[in-house]
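*Asks:* Residue-level listing of the chains:
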Amino acid sequence: MNAVLLIVIPLLAAFISIVSKKIAPYLLLVVGLFNIVLLFFLENGLVFIGGFDVAMNSDLLGISLLLDTYARMALWLINGLILVIFCLNFKSYKAFSSILLLAMAGLNGLLLTNDLFNFFVFLEISGIAAYLITSANKKPVSTFRYLVIGAIGSSLFLFGVVVLYAMYGTLNMIVMIQAIQASGNYAEVILPFTLMFIGLGVEAKLLPFNAWVKGVLGHSNTLTGPMIAGVYAAAMSFVLGRFITNLFVFEGSLLIVVTVLLALGILAGDVMAFSSTKTREILLFSSIAQASIVALLFVNGVIIWAVYLIIANALSKTVMFLVINKATKDVGSDESEALRGLFVNNKLVGLTFTLVTLSVMGLPLLAGFVIKLNFLTQLAGIGQIVLIAIILVASVIEGIYFVRLIVKLWYPGESEISVKYNYSFKAVFIVIALALLVFGTYSTPLTKLDNTIDTVMEVVNNG
Amino acid sequence: MIQYASIILFVIGIYGLFVSKNVIKMIVSLNIMEIGLNIFIISIGFVGGGAIAPIISSTQDLGLIFVDPLPQALVLTAIVIGVGTTALALAFAKTIYKTYNTFELDEMEESA
Amino acid sequence: MRKLFGLLITIALGVMIILALDKTSAFPKFGEVNLQERISNQYLTEENVEMVGSANIVTAIVVGYRGFDTLGEVTVLFISALGVAFIFGGTKQQRLDLKFKPNFMLRVGSNVLLGIILVTSIYIILHGHLTPGGGFPGGAIIASAVLLLYLADDKFRSNVKGFKLIEGIAGSIFVVVGLLGLVFATAFLENFLPVGTVGQLLSAGIIPIIYVLIGLKVGSEIAGVVDNFLTEEESA
Chain F
5 MNAVLLIVIP LLAAFISIVS KKIAPYLLLV VGLFNIVLLF FLENGLVFIG GFDVAMNSDL
65 LGISLLLDTY ARMALWLING LILVIFCLNF KSYKAFSSIL LLAMAGLNGL LLTNDLFNFF
125 VFLEISGIAA YLITSANKKP VSTFRYLVIG AIGSSLFLFG VVVLYAMYGT LNMIVMIQAI
185 QASGNYAEVI LPFTLMFIGL GVEAKLLPFN AWVKGVLGHS NTLTGPMIAG VYAAAMSFVL
245 GRFITNLFVF EGSLLIVVTV LLALGILAGD VMAFSSTKTR EILLFSSIAQ ASIVALLFVN
305 GVIIWAVYLI IANALSKTVM FLVINKATKD VGSDESEALR GLFVNNKLVG LTFTLVTLSV
365 MGLPLLAGFV IKLNFLTQLA GIGQIVLIAI ILVASVIEGI YFVRLIVKLW YPGESEISVK
425 YNYSFKAVFI VIALALLVFG TYSTPLTKLD NTIDTVMEVV NNG
Chain V
16 MIQYASIILF VIGIYGLFVS KNVIKMIVSL NIMEIGLNIF IISIGFVGGG AIAPIISSTQ
76 DLGLIFVDPL PQALVLTAIV IGVGTTALAL AFAKTIYKTY NTFELDEMEE SA
Chain H
174 MRKLFGLLIT IALGVMIILA LDKTSAFPKF GEVNLQERIS NQYLTEENVE MVGSANIVTA
234 IVVGYRGFDT LGEVTVLFIS ALGVAFIFGG TKQQRLDLKF KPNFMLRVGS NVLLGIILVT
294 SIYIILHGHL TPGGGFPGGA IIASAVLLLY LADDKFRSNV KGFKLIEGIA GSIFVVVGLL
354 GLVFATAFLE NFLPVGTVGQ LLSAGIIPII YVLIGLKVGS EIAGVVDNFL TEEESA
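Residue numbers (this note's numbering), protein chains in the order written: chain F, 5 to 467; chain V, 16 to 127; chain H, 174 to 409.
So here's chain F without its partners, still in its complex pose:
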């Protein structure tokens, strides 16, 4: 068993799927399950690809993948979520199965690869898959904007990679980290790191590179909303975390610039969500704020709680976008006034939505609270009082607009609206809400893992 199968089996399935369109949806189901099961049997470590005599020859000439607990958690989340989201949209978006297979291959590659140029290739595959997924919104202009901004982002990323190659003569991430540590001159790498950070920031929805988000998520449906705000946001946060923790060296004034940008991202996201009346916009601005919080945690070295925050966010955003986008589709408007009283006839959906939202806000008894408490404690431990204050202020704003939204959705308006959720939707909502509830009350399993889940530095130090 080899970790490369996680990438090439979806690719193979995608190639086969265009020969026979009918089997494509079932291929996606099989491959998704296969990947999730395969992850149980794979061992941690480096996997080499290509070359002519890998066993004898030095393996640095080719490409390598790195699987560790960090990547494994990310892969389970990504593959599982894609599978669930596709199952829920099985009838309406069958045509997207080939594209989702390629998105799966691309995102798995992003999370596994240990080669900077190979990372760029997977960035493009998953990016193009994302443009095509958002074309389901039927808003070609916002998709085109997304494409243009994404292309600029990945070009800047490639620029940074090439400059690094010119300086250190390698593309292997681990060898690169060793070389940068050996040279010890961090002023030299400011330019490539800035370019790469901007490139990743575009996809990870960080301010000020997120101009595409509003157009794409503001018109999203039950496929694009969860895919972009759940799956893609989680994957991009994971890879950004990988880069921030291991490769990027933020020091001195660069650290201040990055911190200020991310803090501004948190506040701006929450303030914009506060002032918006459209439900989908509230959700998307809130996810911009969350993405910035995650990045800020990684910058401060709080890895494990950032990982839990990413997972909790991905699950919560999936539920929220599914609820709202289904309702928007049936009602025909996403103004929060128009959706007033949505939960009157859907008490169960309302209950799960409320639980999930309260978890995002970080109320006790829910997973969000445990996560927030722990990362705030760790931030306090390293003396980042200002950041804690900013996150708390943002939480208050977030609390106000989410409570306002929930109240509106629960209290009936003048006209009664009827939105029907399938049993499959309800089952997913209940499972995710229960999971958040369970981990919120019984958090011992969460504390078993610590910051060592990311083993890149270990490999670097052991040569």
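Everything labelled a hint here was simulated from the structure, so no lab data went into it.
Since this is a predicted model, take the numbers as computed values, not measurements.
For each residue, glycine too, the CB sits at the ideal point set by N, CA and C.
What you were told as hints is all true, and nothing was included just to trick you.
BS3-like, lysine-lysine: derived pairs with alpha carbons at most 30 Å apart:
id: 1; chain 1: V; residue 1: Lys36; chain 2: H; residue 2: Lys272
id: 2; chain 1: F; residue 1: Lys333; chain 2: F; residue 2: Lys95
id: 3; chain 1: F; residue 1: Lys98; chain 2: F; residue 2: Lys430
id: 4; chain 1: H; residue 1: Lys176; chain 2: V; residue 2: Lys36
id: 5; chain 1: H; residue 1: Lys176; chain 2: V; residue 2: Lys40
id: 6; chain 1: F; residue 1: Lys282; chain 2: V; residue 2: Lys113
id: 7; chain 1: F; residue 1: Lys218; chain 2: F; residue 2: Lys282
id: 8; chain 1: F; residue 1: Lys218; chain 2: V; residue 2: Lys109
id: 9; chain 1: F; residue 1: Lys25; chain 2: H; residue 2: Lys334
id: 10; chain 1: H; residue 1: Lys334; chain 2: V; residue 2: Lys113
id: 11; chain 1: V; residue 1: Lys109; chain 2: F; residue 2: Lys333
id: 12; chain 1: H; residue 1: Lys272; chain 2: H; residue 2: Lys334
id: 13; chain 1: F; residue 1: Lys142; chain 2: V; residue 2: Lys109
id: 14; chain 1: H; residue 1: Lys272; chain 2: V; residue 2: Lys40
id: 15; chain 1: F; residue 1: Lys430; chain 2: F; residue 2: Lys351
id: 16; chain 1: F; residue 1: Lys333; chain 2: F; residue 2: Lys25
id: 17; chain 1: V; residue 1: Lys113; chain 2: F; residue 2: Lys98
id: 18; chain 1: F; residue 1: Lys95; chain 2: F; residue 2: Lys351
id: 19; chain 1: F; residue 1: Lys218; chain 2: V; residue 2: Lys40
id: 20; chain 1: F; residue 1: Lys424; chain 2: F; residue 2: Lys333
id: 21; chain 1: F; residue 1: Lys351; chain 2: F; residue 2: Lys282
id: 22; chain 1: H; residue 1: Lys337; chain 2: F; residue 2: Lys26
id: 23; chain 1: F; residue 1: Lys26; chain 2: H; residue 2: Lys334
id: 24; chain 1: F; residue 1: Lys26; chain 2: F; residue 2: Lys430
id: 25; chain 1: V; residue 1: Lys113; chain 2: F; residue 2: Lys142
id: 26; chain 1: F; residue 1: Lys25; chain 2: F; residue 2: Lys142
id: 27; chain 1: F; residue 1: Lys95; chain 2: F; residue 2: Lys424
id: 28; chain 1: V; residue 1: Lys113; chain 2: H; residue 2: Lys176
id: 29; chain 1: V; residue 1: Lys109; chain 2: F; residue 2: Lys95
id: 30; chain 1: F; residue 1: Lys282; chain 2: F; residue 2: Lys98
id: 31; chain 1: V; residue 1: Lys113; chain 2: V; residue 2: Lys36
id: 32; chain 1: F; residue 1: Lys430; chain 2: F; residue 2: Lys282
id: 33; chain 1: F; residue 1: Lys95; chain 2: F; residue 2: Lys26
id: 34; chain 1: H; residue 1: Lys337; chain 2: F; residue 2: Lys95
id: 35; chain 1: H; residue 1: Lys328; chain 2: F; residue 2: Lys25
With the C-beta cut set under 8 Å, the calculated list includes, among others, these residues of chain F facing chain H:
id: 36; residue: Ile103
id: 37; residue: Leu136
id: 38; residue: Thr174
Add chains V and H to chain F, keeping to what the hints say.
*Replies:* Positioned in the frame of chain F, the structure of chains V and H alone reads:
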């Protein structure tokens, strides 16, 4: 020094993307940007002093000086990816024209 | 206002990049690259070249050492072609009206040219490990032959289903060849065939096989894109 010309090309492309409001012009700018980047990548591998392309006729040629083959391999990949993005962008442009009968982003009603 | 702002930002970006590169001592000046310090130096050692058996070192890197990148690259083209067909949608397509009417000479002439173009592309694909060229340029040339047919005849439709078939099968075989590397050697896409002598047509192990597959795949993908752009949904 001469490789900075490619950076200027790259930046011209980005300027075009910032300023232009026409879908086709934006795609052209995107291509200019990518070409600038590709030239930069190739320039990274140039070795002065009469180095030749890394293609040999027999193993006896290996004493010669070659330019760096890796950036050439990278640029091949980058070019193909650029082609893919451009094709997709043009397809979106065609859809946009079909829907709104114009290529000017300002004249469309769909808000950003 | 917007133009001035954009101009300022882009000038700032350009100046920043150039100044930063100029100041950094680790960034080599143009032409003053020391290959000894780079990983690529190892691609050029005699024992490695003999082990690879490819006269074109760039091909050895593209298909051999970094074959996984190439698989990704083919996938990017694949998903673009898929996407273009997906966006235009519709199963019943007809040709767009051309502004000019092709005449008899054009049609016959293009058929003569077609053979020459196809032979050239086959030559380029097969000699990818010996000369500059290979699957990508060769495939693009195949697609240009298809484009010629489209331009020379306003009724012409190629067999799009056949292209899809070639595309899918060639891609699948590429992955299967990679998986065979995993079975017969130790790593995905690792060479498992004898490499022969440097400079011979039959050398370099799996490289020519993969390049033929890439050529077929790229050719059919770009031809498919050409077809998509030159057709429209039937307005019946």
